[in-house]
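K.L.:
Now for the letters of each chain:
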Amino acid sequence: MTNPPEDPAFDPDTYAEAVAGLLALPIDPAWMPSIAANLRVLHAAADLVGAFPLPDEAEVAPVFSA
Amino acid sequence: MRQPVSEQDWSIAPAASIATAVAEGSVRARTVVAATLDRIGRVDPAVNAFTQVLAERALARADRLDTARDRGERLGCLAGVPFAAKNLFDIAGLPTRAGSRINRERAPAERDATLIARLEDAGAILVGALNMGEYAYDFTGENIHDGNTRNPHDLGRMSGGSSGGSGGAVAAGLVPLALASDTNGSIRVPSAFCGCFGLKPTYGRLSRAGSFPFVGSLDHLGPMGRSVEDLALAYEAMQGPDPADPVVTGRAPDPVRAGLDAGVADLRIAVAGGYFARGADADALGAVAALAGALSCTCTIEIPQAARARASAYLITAAEGAALHLDRLRTRASEFDPAVRDRLIAGAMLPAPFVERAQRFRRWYRAAVLDLFREVDIILAPCTPCRAPLSGETTLVLDGVAVPMRANIGLFTQPISFIGLPVVAAPVWLDDGLPLGVQIIAAPWREDLALRVARHLERAGFVRAPVANLA
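Protein chains in written order, with this note's numbering: chain A, 765 to 830; chain B, 19 to 489.
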């Protein structure tokens, strides 16, 4: 993915710190710049996908069958 | 063309030639395997494609095959053909490391992966396990635990990943066939960088049972080789239902070899435009144009919303990959490759609605692309945006903008595997430099058409996979 523009509404450091607790993920502070950069890329990807209008009936493509 | 037996170097022979010669009795399987093991010993230290060489197992199997022939038994279509498997395939007696340090502590696999067993049932002989990017989250062929697989055609450059060992082993002439996996491009990228043929079949075509997963929604397995005939031989031998893989098809196996030389006159072929004509250097687009010219193809088609397809594949990959590794990230994060670890940690933090949305988009996109296949049979697109970069490079310049290397090598492969379309990656040599790859993309379950086009181009001399000049 390309380097996404900074979104002032999203602070990946604060977000990562909060979610790490929920996930019980210990994070070394030295890893944070890289994790934050990855979160920005994922955020941009989610924005791109989220901006596409989908009908409510568009269900996920199933792969599991019993 | 087969050489006289006395002059034949069996270590670099095509699979089809080996199988014919072994079945005829003009060479012993042990001779082929011994030559292969000797070449691996001489050449692989420069390439670093193998993580384990299984000499004892391979020679024992060769002896059993020779004994069977001596008894007059009919041999399989891959009799005596050496092959190797990316080290995420289970090999009985070995822990399945999947490119990681952590997995080396796993219990040894009790049995071989389904695809290894099927190739051996057809007479092929496993000679080793191949290097790969950690947990398959990689496009470079670099591995901090086992060392990088180097590109056999230029040892200073990337092999491509994550099946870098598979591409390196095939291009270096260490084996005629290798097994690999492709979640977002991991067969097609090393095929392009190393100048090999690769087949990423339709999602669900070949069993993944006994392979270490990465992203269940997107994982495919397939063969890499130096000729289309060899790919077809391996592909045919590996098909069939398998209750051990929940997504594998119940369709009847698709015999492709009989129609391989049927030509392309009846096929409607188009070049992917729009997204697939941007973000690549002139050589990558030139390779596509060269094959389009060879196929007298003047039609361009737009695959709709390819950028969103790629973004969706990226999100699903990050989230599913992270979920798979969450416990290891909690307890052993320092033992991951840092680049892989940080992407997985970020993926673990993705809100569920983002991932659900990407999976819903997948349904829309699949329908839109299937509509295109009413108008065309084959779509051509680049495999990668450029030739193999220098090892260790971390940025790539696309359209004049520097972007992160690891995330962008798969620019053109991700929108295709996202909906599981079958692809043959075909190697193109525009000049005396490194190769490029072109994706020959077909509708779901039409691997036969992609192989036919690749075969036509190979016979006409437009695509080829030579053994690298190493030793």
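Just so you know, the hints here were simulated from the structure itself, not pulled from any lab data.
Idealized CB from N, CA, C, for every residue including glycine.
Just so you know, not all the hints are guaranteed correct.
Short, incomplete list of chain B residues facing chain A, as computed with Cβ under 7 Å [claimed, not checked]:
1) 30
2) 32
3) 332
4) 336
5) 342
6) 346
7) 350
8) 360
9) 363
10) 364
11) 366
12) 367
13) 376
14) 379
15) 482
K.L.:
Broken hints, numbered, in rising order?
P.N.:
Of the numbered hints, 1, 2, 5, 6, 7, 15 do not hold.
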